[in-house]
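Peer 1: Taken in sequence, the protein lines are chains A and B.
Position one of the first sequence corresponds to residue 92 (the working numbering), numbered consecutively onward.
Position one of the second sequence corresponds to residue 92 (the working numbering), numbered consecutively onward.
Treat each hint with caution, since some may be false.
Identical copies go unnamed one by one, so any copy, or any two together, can satisfy a pair.
Claimed, not checked - Below, in silico cross-link-like pairs of lysine to any residue (SDA-like), each with a Cα-Cα straight-line distance of 25 angstroms or less:
1) 341 x 553
2) 150 x 339
3) 169 x 187
4) 457 x 249
5) 380 x 147
In short, the hints are calculated from the structure, not lab data.
Protein chains: 2
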Amino acid sequence: MTDSPITARGQDFAAWYQDVVLQGDMAEPAEVVKGCMVIRPNGYAVWEILQRELDNRFKATGHQNIYLPLLIPQSFLKKEAEHVEGFSPELAVVTVAGGKELEEPYVIRPTSETIVGHFFAKWIQSYRDLPLLYNQWANVIRWELRTRMFLRTTEFLWQEGHTAHSTHEEATEEVLRILDLYAEVAEDVMAMPVIKGVKTRAEKFAGALKSFSIEAMMQNGMALQAGTSHDLGQNFGKAFNVQFQSKEGKLDYVWQTSWGASTRLVGGLIMTHSDDKGLVLPPKVAPRKSVLVPIFRKDEERAQVMEIAKNLACDLGVHIDAREGMSPGAKFFHWERLGIPVVFELGPRDVASNSIVMKRRDTGTKEIIRQSEAAVKLSATLETMQKDLHAAAKRRLKDNTVLANSIEEVESLVGDGKFVMAHLKDDPETDARIKSFKASVRNIPLIDEYDGPGKCIVTGENVGRRVVIAKSY
Amino acid sequence: MTDSPITARGQDFAAWYQDVVLQGDMAEPAEVVKGCMVIRPNGYAVWEILQRELDNRFKATGHQNIYLPLLIPQSFLKKEAEHVEGFSPELAVVTVAGGKELEEPYVIRPTSETIVGHFFAKWIQSYRDLPLLYNQWANVIRWELRTRMFLRTTEFLWQEGHTAHSTHEEATEEVLRILDLYAEVAEDVMAMPVIKGVKTRAEKFAGALKSFSIEAMMQNGMALQAGTSHDLGQNFGKAFNVQFQSKEGKLDYVWQTSWGASTRLVGGLIMTHSDDKGLVLPPKVAPRKSVLVPIFRKDEERAQVMEIAKNLACDLGVHIDAREGMSPGAKFFHWERLGIPVVFELGPRDVASNSIVMKRRDTGTKEIIRQSEAAVKLSATLETMQKDLHAAAKRRLKDNTVLANSIEEVESLVGDGKFVMAHLKDDPETDARIKSFKASVRNIPLIDEYDGPGKCIVTGENVGRRVVIAKSY
Chain A
92 MTDSPITARG
102 QDFAAWYQDV
112 VLQGDMAEPA
122 EVVKGCMVIR
132 PNGYAVWEIL
142 QRELDNRFKA
152 TGHQNIYLPL
162 LIPQSFLKKE
172 AEHVEGFSPE
182 LAVVTVAGGK
192 ELEEPYVIRP
202 TSETIVGHFF
212 AKWIQSYRDL
222 PLLYNQWANV
232 IRWELRTRMF
242 LRTTEFLWQE
252 GHTAHSTHEE
262 ATEEVLRILD
272 LYAEVAEDVM
282 AMPVIKGVKT
292 RAEKFAGALK
302 SFSIEAMMQN
312 GMALQAGTSH
322 DLGQNFGKAF
332 NVQFQSKEGK
342 LDYVWQTSWG
352 ASTRLVGGLI
362 MTHSDDKGLV
372 LPPKVAPRKS
382 VLVPIFRKDE
392 ERAQVMEIAK
402 NLACDLGVHI
412 DAREGMSPGA
422 KFFHWERLGI
432 PVVFELGPRD
442 VASNSIVMKR
452 RDTGTKEIIR
462 QSEAAVKLSA
472 TLETMQKDLH
482 AAAKRRLKDN
492 TVLANSIEEV
502 ESLVGDGKFV
512 MAHLKDDPET
522 DARIKSFKAS
532 VRNIPLIDEY
542 DGPGKCIVTG
552 ENVGRRVVIA
562 KSY
Chain B
92 MTDSPITARG
102 QDFAAWYQDV
112 VLQGDMAEPA
122 EVVKGCMVIR
132 PNGYAVWEIL
142 QRELDNRFKA
152 TGHQNIYLPL
162 LIPQSFLKKE
172 AEHVEGFSPE
182 LAVVTVAGGK
192 ELEEPYVIRP
202 TSETIVGHFF
212 AKWIQSYRDL
222 PLLYNQWANV
232 IRWELRTRMF
242 LRTTEFLWQE
252 GHTAHSTHEE
262 ATEEVLRILD
272 LYAEVAEDVM
282 AMPVIKGVKT
292 RAEKFAGALK
302 SFSIEAMMQN
312 GMALQAGTSH
322 DLGQNFGKAF
332 NVQFQSKEGK
342 LDYVWQTSWG
352 ASTRLVGGLI
362 MTHSDDKGLV
372 LPPKVAPRKS
382 VLVPIFRKDE
392 ERAQVMEIAK
402 NLACDLGVHI
412 DAREGMSPGA
422 KFFHWERLGI
432 PVVFELGPRD
442 VASNSIVMKR
452 RDTGTKEIIR
462 QSEAAVKLSA
472 TLETMQKDLH
482 AAAKRRLKDN
492 TVLANSIEEV
502 ESLVGDGKFV
512 MAHLKDDPET
522 DARIKSFKAS
532 VRNIPLIDEY
542 DGPGKCIVTG
552 ENVGRRVVIA
562 KSY
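Pulled out of the complex, with its shape left as it was, chain A reads as follows:
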């Protein structure tokens, strides 16, 4: 990593983001593989934390992990009409393997509903086999034209849940349970507020009855879809002939769900909290919560400082940055860019006065505390910082969410980087109007925090509540 300056957010948000990602050791473009990135150590460590937080919750709600093949016979994609239409333009196709042209090409999975459908048909015969609650951690490829690290890459890492149920009601419960689970990880772990809602028909997953999403606001006011949960109805059940015998002995197609969250979450995290100095990580997702930088000039100072530093670091469970040939200033700069929540400084004067300096990454405030209090102060500070980051992001979301009552108003406000709440009919044609000025309907919130029903700003028809309109990644 080179120590290039970080572009200010106000100057060029996209350049700022790229700088933060690079200088934070999160990722770098893999320019030799179109649209791909290398996930660097700090970025992968954050992803591992998110994986564990999600995986623990999946398991606690009865899901089991499995692993399905990366390659899917091309013909499988064609079995669900909407699905193939949605994914065809983005497929990477293996046509040669083992030195021979393949009779039937394979596609690299863009998502696994089709191969899941094939296996569900083998695994499910009776209501006794249901519900089937599976998840897989995997890589997928979608050949994207415009890519951006973490937010949209040709290959990405994700988890995809696939479940089968005997009733639509039970499937719907599952879809919403997972939406809540995603929202919980976003809010409580990532300190990233989200709006839970249902996607419009134009924006739903290719092959689903209904899609639900959590949408977060980035610091430039743009929306990021951070997780989706789909009610697949019986569409894939019919396409892959997944039937079960009910308690009453009748044959019926299963009701399926699928849901996913990806390395995109890491991008959302960065764009929610980081600042012009670089990466800011909420303590719960920081691979390293705290570091201690010892400061000394002369040799006799060194011995004194290092002795106390070692004792403290051991008590606090933190890493000492004892690198030689690097100034304390360079070290502070290094840890700041990596987003370490709390950095301690310990110099000869601190040693003499039994104190230590504690610096918070988000506010930049320094506090001189007694060494004996350091452990208690550290844990309290990490807790406060987690809450403060969440509160700040919540405030930003609130401050930048506005109401609009005409299409012109929507266009103008969306251009200012706002989440615009408007009454809009769920119809591909009204979605198209919004798309005409490069924004989109993000979702129709599950909870109405505004004024209930109203007239669609395009068609004049009555609709139940306002939708969220924004520019998005």
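Take the given structure of chain A and dock chain B to it, following the hints.
Peer 2: Coordinates of chain B only, in the frame set by chain A:
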């Protein structure tokens, strides 16, 4: 999962293995994707445990996880002559993506040395950047003709370590450190004894100076290479121009290592411990250590038994199998096939006498113990079982390892399913002689447990010690 019978090992070892894998809910063939498998819940849960055991050790020895692209430009493979020759026949090639023929095809990684070389050249300039100690958890594809679940599949999951060093000595230390780490996980966690050794020149990794392996003996006497660690020398450094400036200001190529262990470990685990009743899992790799099956006929028995069962299950931290409409016998059968180390039975008579029945999966022995002792007995039994399984496997390895002093003796003993120790020159031509009767030199053990130097049974030349010859997976 259907409840088909399990073929006896003595009758047909390959059929037995397939039955154990299927009935143990470990995996099933993904017949629609050539040579691939679906990893089922029990199999994936075991893999997660192995991942954690390996990953903790990688991190404790200073390695960081990163993630590199799945796709590699085809031209990269050609930069290291031996490497391309070794892997070309096994490649899966993406020629079409995003609806267009690609100008340069991508291969799906069969392993990542080449793309690692590309990035190391970007990341390494000076001795200060070294050592670079990276690992990635990933899927890879090698188009294999003859496949077998877990042991050899077209796609498999693994970790691949990639490190760069400023001296050959340091790289060699790394290679051996990882070999030890693999052996520790095999022996201490999987209860699977292994022989650490260096591969012959004919068997080394394509592009390496030297390869090291751990080799385990399966119950039919066949060998399984369970992990490899490669000294790549400066081969990839030269191919990808990975140079660094030394402390003295001189430019030199880095010294690299790579090492991998895969889902193949799960296959080795199964073939080491399982029996004619199905899967046997050493407690340390069992996703669920113990289950309690309540037994009752009448309704009043049910209430009594379930109350005590719930209390005990809570104390012991074990799952109660309270499924309705399933006989206790069917439940025992179910858990036996899944390889649960200890199953408790609790019936009305046990309730009356404050006792409980504890059954060990490996020995099949039942013990009636007091309920108050159950927790202590369970943990002691799990510990004993772990040791006993390791001891049994060690004894089997010892009993089936024999010395041979002529090529004819080797051929005959290898046919009997033995590990045959013989003096053999490390030369592709002598390897070819061994291959002529469908066996191979597994490795040259690091520790000589036999009679030191001797004359090569093919060439008559002096060699330092005996090598391990066996049929292998």
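Peer 1: Among the hints numbered above, which are violated by the structure, and what are their numbers in rising order?
Peer 2: 1, 2 and 4
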